[in-house]
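Single-letter residue listing:
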Amino acid sequence: ILNVEQSPQSLHVQEGDSTNFTCSFPSSNFYALHWYRWETAKSPEALFVMTLNGDEKKKGRISATLNTKEGYSYLYIKGSQPEDSATYLCAFDSTGKLIFGQGTTLQVKP
Amino acid sequence: GAGVSQSPSNKVTEKGKDVELRCDPISGHTALYWYRQSLGQGLEFLIYFQGNSAPDKSGLPSDRFSAERTGGSVSTLTIQRTQQEDSAVYLCASSLDFTANTEAFFGQGTRLTVV
Chain A
1 ILNVEQSPQS LHVQEGDSTN FTCSFPSSNF YALHWYRWET AKSPEALFVM TLNGDEKKKG
61 RISATLNTKE GYSYLYIKGS QPEDSATYLC AFDSTGKLIF GQGTTLQVKP
Chain B
111 GAGVSQSPSN KVTEKGKDVE LRCDPISGHT ALYWYRQSLG QGLEFLIYFQ GNSAPDKSGL
171 PSDRFSAERT GGSVSTLTIQ RTQQEDSAVY LCASSLDFTA NTEAFFGQGT RLTVV
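Each protein sequence line maps, in turn, to chains A and B.
Residues 1 to 110 (this note's numbering) are what the first sequence spells out, left to right.
Residues 111 to 225 (this note's numbering) are what the second sequence spells out, left to right.
It is worth saying that the hints were derived from the structure and are not from the lab.
Don't take every hint at face value.
What the hints assert, rightly or not - Heads up, simulated DSS-like pairs for lysine-lysine below, C-alpha to C-alpha not over 30 Å straight-line:
no., chain 1, residue 1, chain 2, residue 2
1, B, K127, A, K42
2, A, K58, A, K97
3, A, K69, A, K59
4, B, K167, A, K97
5, A, K42, B, K167
6, B, K125, A, K42
7, B, K125, A, K69
8, A, K97, A, K59
9, B, K127, A, K69
10, B, K121, A, K97
11, A, K97, A, K109
12, A, K78, A, K58
13, A, K57, A, K69
All figures in this text were calculated on a predicted structure; none of them were measured in a lab.
For reference, chain A alone in the conformation it holds in the complex (with noise of 0.2 Å):
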């Protein structure tokens, strides 16, 4: 059984905080690490797909690096905005399957 955790499970932060959530995974059978948004009433969105061991990737104000050798994964929120509320997955890919874990929400308080 494919195990994927995410920690913490909820976070709330003031505004302009900067914060950061983690992702663990099997590192054997690795194929690549997903990282997505869901925010309420929507589709979940995708922020990053990563491959390879030390990927760094950025997107704006966010950014995620990947361990594939330990097994975890970083994804980092700088100034956090009360649009960034969501719910935040990691996703382990092997051989194309995606293995979500439960998500870190996070609340951003004005």
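Model the placement of chain B on the given structure of chain A, informed by the hints.
Below, chain B without anything else, positioned relative to chain A:
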């Protein structure tokens, strides 16, 4: 179409009835996934279609659940003899192919309520 389309968006059914949920993936996408989210839970993998290969059905929770994908495009998830624990949001996603580096695009989901 421009995105992944699911129908119906909401379905209320009586316990014991069969339901069919439909997913229209993005044109040209060869990989298609079904997930469900029960109340307070994460995305639970159900089934994965990859091109012309046999689907990965390892996530289907019971033999009341089945899915097919006709002509490599539209997919139907069928739940027979629905139970109250089947109530959930059922999400479909597609991706360009089943190699790495390809993000999944999700539909809006079907909210199933079994009463």
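Numbers of the earlier hints that this structure fails to satisfy, in rising order:
Numbers 7, 9, 11 - these are the hints that the structure violates, sorted from lowest upward.
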